[in-house]
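K.L.:
Sequence:
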Amino acid sequence: MKIKVKLFATLRAKHEKEMDLELHEMTTPGDILDLLGIPHNEAAIIMVNGRHCKLSARLSEYDTVAFFPAVGGG
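Sequential numbering of the sequence shown, starting at 806, is according to the working numbering.
Keep in mind the hints are simulated off the structure, nothing from the lab.
No experiment lies behind these values; they were computed from the predicted model shown.
Be careful, since some hints might not be right.
[What the hints assert, rightly or not] The calculated DSS-like cross-link candidates involving lysine-lysine, where the alpha carbons are at most 30 angstroms apart (straight line), are:
#: 1; residue 1: Lys811; residue 2: Lys822
#: 2; residue 1: Lys809; residue 2: Lys822
#: 3; residue 1: Lys807; residue 2: Lys859
#: 4; residue 1: Lys819; residue 2: Lys807
[What the hints assert, rightly or not] Label-pair distances were calculated between CB atoms; the ranges are:
#: 5; residue 1: Gly877; residue 2: Glu827; range: 30 to 40 angstroms
#: 6; residue 1: Arg863; residue 2: Phe813; range: 16 to 26 angstroms
#: 7; residue 1: Ala849; residue 2: Glu823; range: 16 to 26 angstroms
Note that beta-carbon positions come from the ideal geometry of N, C-alpha and C, so glycine has one too.
Input sequences plus hints: build the corresponding full structure.
P.N.:
Shown next, in the form of structure tokens:
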């Protein structure tokens, strides 16, 4: 199935900021992080189609998954 992946801020260090991946039907956001070599604890916010989700959520064809690191400000 086709999934669009978007990486933000420091998660872009080793990858494109946006990519289209062809993945198997049982894929989760956690599987995508593993595939990209990004430690799970570095993705503080995970969104699928604009909604918060868990690492274990099952993805569907044409979903857009966005990963955000923890950020601080002051």
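K.L.:
Run every hint past the structure and note whether it holds.
P.N.:
The hints, checked one at a time:
1. The straight-line distance between the Cα atoms of Lys811 and Lys822 is roughly 6 angstroms, inside the 30 angstroms bound, and the hint therefore holds.
2. The suggested pairing of Lys809 with Lys822 holds, with an alpha-carbon distance near 11 angstroms, which does not exceed 30 angstroms.
3. Taking the CA atoms of Lys807 and Lys859, the gap is near 19 angstroms; set against the 30 angstroms cutoff, the hint holds.
4. Under the criterion of a C-alpha separation no larger than 30 angstroms, the hint pairing Lys819 with Lys807 is consistent with the structure, at around 21 angstroms.
5. A C-beta distance of roughly 35 angstroms is found between Gly877 and Glu827, which places it inside the suggested range of 30 to 40 angstroms.
6. In this structure the hint that Arg863 and Phe813 lie 16 to 26 angstroms apart at CB holds, the actual value being about 23 angstroms.
7. Taking the beta carbon of each, Ala849 and Glu823 are about 19 angstroms apart, inside 16 to 26 angstroms as hinted.
Violated hints are absent here; each numbered hint is respected by the structure.
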